[in-house]
Amino acid sequence: MSAAGVAESLLALSQQEELEDLPKDYPLSPSEDEEDIDGERKHQKLLEAISSLDGNNRWKLAERSEASLKVSEFNVTSEGSGEKLVLSDLLGPVKTSSSLAAVKKQLNRVKSKKTVELPLNKEEVERIHREVAFNKTSQALSKWDPIVVKNRQAEQLVFPLKKEQSAFAPIEHVLSSWKARTPLEQEVFNLLHKNKQPVTDPLLTPVEKASLKAMNLEEAKMRRAELQRARALQSYYEARARREKKIKSKKYRKVLKKGKAKKALKEFEKLQKENPTAALEELEKIEKARMMERMSLKHQNSGKWAKSKAIMAKYDLEARQAMQEQLARNKELTQKLQAASESEEEEGDVEEEGELLVPDAVNEIQMDADGPNPWMLRNHSSGTKEARIQDPEQLPEPVAHETPESEEEERPGAEEEILLNEFEERRSLRKKAELNQDTKPVSRQEPKDSSSQEVLSELRALSQKLNKENQSGKQKVSSARTVWVVQRKDPTEEEEEPLLLQRPERAQTVEDLEELGKEGCFQNKEVPRSVLEGQQLERNPNNHPGAPKEKKKKEQMIDLQNLLTMKSPSVKSLAVPMTIEELEDEEERDQKQMIKEAFAGDDVIRDFLKEKREAVEASKPKDVDLTLPGWGEWGGVGLKPSAKKRRRFLIKTPEGPPRKDKNLPNVIINEKRNVHAAAHQVREREILCCLALLLGRNILALCGKERCVILTTESKLFSFSRTGSEMNNSRLISAVLISDWEEVEA
Amino acid sequence: MKVKMLSRNPDNYVRETKLDLQRVPRNYDPTLHPFEVPREYVRALNATKLERVFAKPFLASLDGHRDGVNCLAKHPKSLATVLSGACDGEVRIWNLTKRKCIRTIQAHEGFVRGICTRFCGTSFFTVGDDKTVKQWKMDGPGYGEEEEPLHTILGKTVYTGIDHHWKEAVFATCGQQVDIWDEQRTSPICSMTWGFDSISSVKFNPIETFLLGSCASDRNIVLYDMRQATPLKKVILDMRTNTICWNPMEAFIFTAANEDYNLYTFDMRALDTPVMVHMDHVSAVLDVDYSPTGKEFVSASFDKSIRIFPVDKSRSREVYHTKRMQHVICVKWTSDSKYIMCGSDEMNIRLWKANASEKLGVLTSREKAAKDYNQKLKEKFQHHPHIKRIARHRHLPKSIYSQIQEQRIMKEARRRKEVNRLKHSKPGSVSIVSEKKKHIVAVVK
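Those protein sequences? They're chains A and B, same order as listed. Note that full-length UniProt numbering has the first sequence beginning at 1, numbered continuously upward. Note that full-length UniProt numbering has the second sequence beginning at 1, numbered continuously upward.
The hints are simulated quantities; they were obtained by calculation from the structure and are not laboratory data. Incorrect hints may have been included.
As the list claims (entries may be wrong) - Some but not every residue of chain A turned toward chain B, in silico, with C-beta under 8 Å:
#, residue
1, 138
2, 141
3, 501
4, 505
Heads up, the beta-carbon is just placed ideally off N, CA and C, and yes, glycines get one too.
Bound-form chain A, shown alone (with noise of 0.2 Å):
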């Protein structure tokens, strides 16, 4: 080929290259316009046929030519006025023409609509189309999230993890589509569809079954008949009883009780005719009945009713019997307490001494110092125990003391103050006499329960954890500053400690890990006092420091006690229960029992409270004594150094601050660390994650084979920190004790 004809086809190609946008079905005919080069491409053409003629090469290249702007379809040119084509410039001529109005509308619909706009580029596009998936992958995957939670929760989880039996379904039920296509089927399923026996379930026909239902017509009216006569029966006792509870006559309601009580003693009578034992029984409960009645000491006079009734008992003539029906019963239960019980043996004749009626103050303080056990009594209200504070000698007197003969004439007001004064008297006499004993009791000790001192010293020291967690939390809210308010308040910053500690070090024996323990315990400087603290508290076996002679102070002593022990004064009679505190009473009774069985023999706050005195005693700052004998003067056996040296040579230490439990009166608050303890305890920050345990189980649930021991704990724990509502904060602890309490019952 010439160079020419490389040339041109090199042309051609770069010709075909701008023209691939074009349509390929576009004609690639040389156009008419390009009459310049026309003949030169004739002549080429002409060449080709002559070259193709030898026959070896007949396939011929497709013409290229450029492409031009003013190729014109449908002989439309815009030729010369070198515009663009527009559509009313179309449009001109058909409107003449009728026939083509259909057309004529399209294009002018066509002509009025605006351009569409510019797609979006493709980056923006792909945004979008990434943001709509990820947005449904997300939602996809939140469904996810309930099982996910359930899984890391979960206490523990067993792999693999069960996956649940598809329950068994007749292919019925599975496959709806399911039908019975061949001949036998069908005409085994027309029988069982005409008889109207079952298809799916194969055990009853829907006859069978409310056959089954059905019930035998005599039954059925039967047991109509028993329901009406249970329903009007029960409606009528229903009457009954709104009526006979209406009804407000006194009379009627002293008689029913007198009624009662008759009955009651009948009863027995006859019991003890019949059935001896029964009866020995009979009055075995009776006789409990009254003690703790006698215990509960209703009748001292000294509630809420008996006080606004001395105050009437002036004015009115009612009130005072009413009083003096209260102290005769009164009367009665404390002068028969002699043969009542061996235990109460000591009472009864500090008692006796009284002869006379004995003031119901004095009783109750009696009761405090060394009652059988103050957790047999009942829970006070705190407005007696502010009343217990005081002097007794400033207590109010709510007593309008009458003997029982007087009942029934009235006495003028001024006998009955003269009698009041002279109450007084003797009453304060006896307090005297009963402080001179008073060291008695806490000598006297009663065998310890030492598994419910553990209890006790466990649970103080868990309520003084709480204390201190609680103050501590608080200190750091306050203390924190603004920055490390800010980090605190973000989880992730919080420096978690590293699990693992590493060192280059290997500790491969028993040995080895021992000094790694012990090395622990003294890096950790920071530990709080906590868990075992109150078990560590110094017990000194001294007895009861305070000397009888300061009355004063002892008296203020023994109130402090009281505010513990204190019970609430009730009464009841035995022979005569009383209707409205029955329910109430048979709880607490359980209760009570409970509690007795849990303390037998073992009075748990006096207990504390001594080892509060002794705790109180030894962290005093003692005063330094630094005479020497021989000094300046004889010395020998026998021989002391001089008052005087003494003074001068004694160093009185400052009193110390004031004890943080100092009005705190249930709780030791121990501020020294104890290094050895020290060691063993959790730090403050694991304090968290153990309540956070101790909220799932018991501190002291030992996990071994030990463990029905735990039961047995646990009981006394519950039934302490039900009673024990005096331990300060050990609100959250008993909630967890009762709740483990619940499962073990469960």
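Got chain A; can you put chain B on it based on the hints?
Just chain B, lined up with the frame of chain A:
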């Protein structure tokens, strides 16, 4: 004369079989056992000590490769079979019970970049530096047959990773883009790109199997949706992520092993803050794998150690190392959740116990009870300082130890500086960025 004999019910003191323990009567009255809790504490202490004494996690080393082990794969059906690919293009199949190599294949020229097994366990795929994807039969060739791949796909670019779909006959490779392949075809079904950097690893989500995660060398992690053939989201971190691993129990959680010594656990629905930053390594983290329980994962690092992290803790619970183990490149947690395998630079695959002090073999019921009891005790008293100290103690090689010290100092200095800056600037002008957010550069939609 009648003599009354003392008699006891033999049920109370005779054991049922000779194998039983002698019955010792015990009074369960708690008052008689006031030191029950202290005794338990001592037991817990002893249990902890014994745990440390018996903590010998290293089981075996599988040697045979003639170059560094670059990738590992578990067999989906057989616990004892492991596949490994080395840097010289050799693939070996190991039997863990015999601790022997059962098959050797010269699969590629150059590195074996990735290896994965088919979900049915009949074949496996490898990709190599020679721009090929090869499918191999799991069973060896019969007598007289030549070792040949089932299929070979020649690609245009180097593939750097491969992962197989968990349920369907589909696999994904990564390189310049993420390609999804049908096993029957020689061209990808779809290829997804976002940006132009080379992608180092791609992983299928085991639960929502249409989801894919990949990490590229331009420091980002990209998530893809196979069904819609589109990327979903991209998060850019401070440094390059080497590989990611999905949590097998939680569909939306994955963990990324990063070059900045940390691992990041993400919730894929909220990529702007990782759920947890796991730090303890002192060099780049190269690989990560989840335990089948989804509670823990193991990470392999350039610092010649592997560590086990609880998913919800930022610190590791365990660190494994030996003198001879060099940079650990790949790590896998076996499907029974009991063992860990790691392949390292010095041509060995090592087998570790996942629980360092676990006793292997069949346990008698009494042993099991004792183990459970000790476990419970340790858990109960775990916060007591004595016990805690002992339980946490780990020996570390000097290099890692000194590195840790150094980094602690650096970190402390940085923290101090930050605090100082905060202190001495106008309030509100400087804000503290949390550790979690610190490492996230951006999230691209």
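Okay, the hints, checked on the actual structure:
no. : hint : verdict
1   : 138  : 4 Å, holds
2   : 141  : 5 Å, holds
3   : 501  : 4 Å, holds
4   : 505  : 6 Å, holds
Consistency with the previously given hints is maintained throughout, with no hint failing.
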